[in-house]
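Q: From just these sequences and the hints, can you work out the full model?
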Amino acid sequence: MSTHEEEKLLHRGIRPTAARLLVLRALLDAGCALSLADCEARLGTMERSTVFRALSTFAEHHLVHHVEDGTGQVKYALCADDCHCGETPADDPADLHLHFVCERCHRTLCLPDVPIPIPPLPAGFVVHTAGYVVRGICADCATRSHT
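In my numbering, the protein residues as written are 214 to 360.
Everything labelled a hint here was simulated from the structure, so no lab data went into it. Accuracy of the hints is not assured; some may be wrong.
[Unchecked claim] Distance windows between CB atoms, simulated:
| id | residue 1 | residue 2 | range |
| --- | --- | --- | --- |
| 1 | Ala231 | Pro335 | 42 to 52 Å |
| 2 | Leu241 | Arg317 | 15 to 25 Å |
| 3 | Ala352 | Ala254 | 23 to 33 Å |
| 4 | Ala254 | Pro229 | 21 to 31 Å |
All C-beta atoms in this analysis are idealised placements derived from N, C-alpha and C, irrespective of residue type, glycine included.
A: Laid out in structure tokens, this is it:
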């Protein structure tokens with residue numbers, strides 16, 4: 214019987230290995246985007262190169278997307294099951310979404326229900342991706358500060 218993690222990998226054409234399953238579990242448990250260093254810290258004894266290879270494979274197969282949130286570290290966020298990012302010459306605008314960086318807990322969160330506008334571009338320009346990062350206080354931190 215397949216686990217949820219194995220099914221997610223197989224759905225994207227990724228062969229489940231022990232290392233890939235552990236990296237995926239770390240991303241699922243985090244509930245936010247993680248950097249390579251964040252993943253390493255969560256996984257303890259796994260080699261950095263093994264974590265990096267798993268994340269790279271996930272990105273190649275559109276299981277995760279890169280988030281550049283201004284911290285200087287690329288972060289990796291899980292794509293929605295129905296995400297099609299990178300599978301077509303121009304990404305599906307429905308896959309483009311806002312990212313939020315909390316200034317208190319420093320988490321980077323995907324906000325998939327908040328689509329980002331694509332500005333009109335000059336003739337001949339083709340959008341492949343767009344990134345918008347909003348900074349502020351996340352709902353969890355805001356709630357904690359009012360209790």
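Q: Against each hint, give a clear statement of whether it holds in the structure.
A: Evaluation of the provided hints:
1. Ala231 / Pro335: 42 to 52 Å: holds, 49 Å
2. Leu241 / Arg317: 15 to 25 Å: Between leucine 241 and arginine 317, where Cβ atoms are some 23 Å apart, the hint holds.
3. Ala352 / Ala254: 23 to 33 Å: holds, 24 Å
4. Ala254 / Pro229: 21 to 31 Å: Cβ of alanine 254 to Cβ of proline 229: about 23 Å, so the range 21 to 31 Å holds.
The earlier numbered hints are all upheld by this structure, with none contradicted.
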